[in-house]
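Which chain is which? The protein sequence lines are A and B, in order. When you number the first sequence by the numbering used here, it's gap-free, plus one each residue, and the end is 81. When you number the second sequence by the numbering used here, it's gap-free, plus one each residue, and the end is 399.
Quick caveat, the hints were computed from the structure, so don't treat them as lab data. Please note: incorrect hints may appear among the correct ones.
Straight-line distance between alpha carbons at most 30 Å, and here's what the computed DSSO-like set of lysine-lysine pairs gives [to be verified]:
| hint | chain 1 | residue 1 | chain 2 | residue 2 |
| --- | --- | --- | --- | --- |
| 1 | A | Lys81 | A | Lys67 |
| 2 | B | Lys52 | A | Lys67 |
| 3 | B | Lys374 | A | Lys67 |
So the derived list for chain B, only partly shown, Cβ under 7 Å to chain A, looks like this [unchecked claim]:
| hint | residue |
| --- | --- |
| 4 | Ser50 |
| 5 | Lys52 |
| 6 | Pro119 |
| 7 | Leu372 |
A few chain B residues facing chain A, derived, Cβ under 8 Å [unchecked claim]:
| hint | residue |
| --- | --- |
| 8 | His48 |
| 9 | Val51 |
| 10 | Arg55 |
| 11 | Lys115 |
| 12 | Leu120 |
A virtual CB, placed ideally from N, CA and C, is assigned to each residue, including glycine.
Here's the letter readout for the chains.
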Amino acid sequence: MAEPSNEQIEQVITYALVTFGAEASAISRDAELEALDIDSLDLAELSQIIEEQFGVELTSNDVAEIKTVGDAIDLVAARAK
Amino acid sequence: MNEVVVTGVGAVTPLGVGAALLHERWAAGICGIKDGEGRCDEFEVTDHFSVKEARRADRFAQLVLVASKEALADAGWADGLPHDPRRIGAIIGTGIGGIGTIEANDHKLLEGGPKRVSPLAVPLMMGNAGAAAVSMRHGLKGPSYGVVSACAAGTHAIGSAMRAIQCGDATAVVAGGTEAALTPLSRAAFVAVEALSPTGISRPFDLRRDGFVMGEGAAALVLEDGAAARARGARILAVLRGYGATSDAFHITAPPADGEGAAAAITRALEDAEVSAEEIVYVNAHGTSTPINDRAETAALKTALGEHAAKVPISSTKSAIGHLLGAAGAVEAVATILALRARVLPPTLGLEQPDPELDLDYVPLVARALELGKDQRAIAISNSFGFGGHNAVVCLEVT
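The task is simple: from the sequences and hints, build the whole structure.
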């Protein structure tokens, strides 16, 4: 699998968060997941989507460290390298 | 034992969103069944739930969330719970639970392998998800659980809630039933067991009846300790007088021809209510429109009510909305209360050709005014019988 660009990762994550019910206008790199009402079940789904799209496997310990949308993008980008 | 009263009701059925529509449309002779199924066509998910809420609840939980919201508002609880939340429970019956979720995830499993199965699959499909949703939504911290007894679950939930209040485990319980099983798998499965009507017509007690029509929906009732409800000045919709539950111990899908277990449940409910058979002014029948149920239920009513069986008006809600499986008992309890309050007994729709073997008064086709004598009380029973031989009956009085 070719290494995904940050834009691609951001796109997939943003789309997933909107699907989970987050307000699209509230999503930015600095937005906190808690403020977007994203909880552990959403993060489990997000991990599944990340793995499907980018082949990056994230454990629940990995996603527990994610506080902001930017954290999620950076984590996936780092692991995809 | 403590008196248990009903202070609020709510329903989502094929006749509309709201308990009042269930009574009004059924009494007007409107049938909510289309193309052989009773779908809640007027229920729009986006009217009631955010994106997040909707995807966190299977349709069966969504339906009871809407019904419970109506019931709480009807009870005057919209602005806050009137009792300690730790003393308010949620007991919600279902026949199957989140079968739509099960089917969708099974499809993902077969198509994409185990890693495609959703993390939401378990919380959405579990049979107790309805009770959990109601508890979480309204902050109810007393006893909450699901009741699973096929087509008797809604009535068992009400009976269990009644007992929880009577024995002091709770001051109030939001009780109900819910079902959303209009899915390919359950449809095929009920066809396979030859329970569904091949003609897609629900006509209980009619000579031509050939099976039940499946429906979906939910109902919820706010049950409260009578003294606590009166102390807060609540409007009392009905008194839950009695409850009887028995089992056939006979066959997994068929009742005995004489309806012995059903009769015993009716008798037990009357004993519990301390009312005589002659005091019953209306029977909301289980009345599925299957050849065997309607015969066995008629026999059971004759056994339990004696000569009074021939005099008491009996009607089947399933003639208007189909069989809502685990929701049926709760929806029918609500229908019974509203019929007694309106003094209008809705009819058994589709009953055009009486079965000569079924000779009771099934209120065919047209609603009837409930005329009460000077000393007569408005007391009714609502029957539910489920696959597995589960029989449950509640006795309700509108005072």
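Looking back at the hints listed earlier, which ones does the structure fail to meet? Checked against the structure, the hints that fail are numbers 3, 7, 8, while the rest are satisfied.
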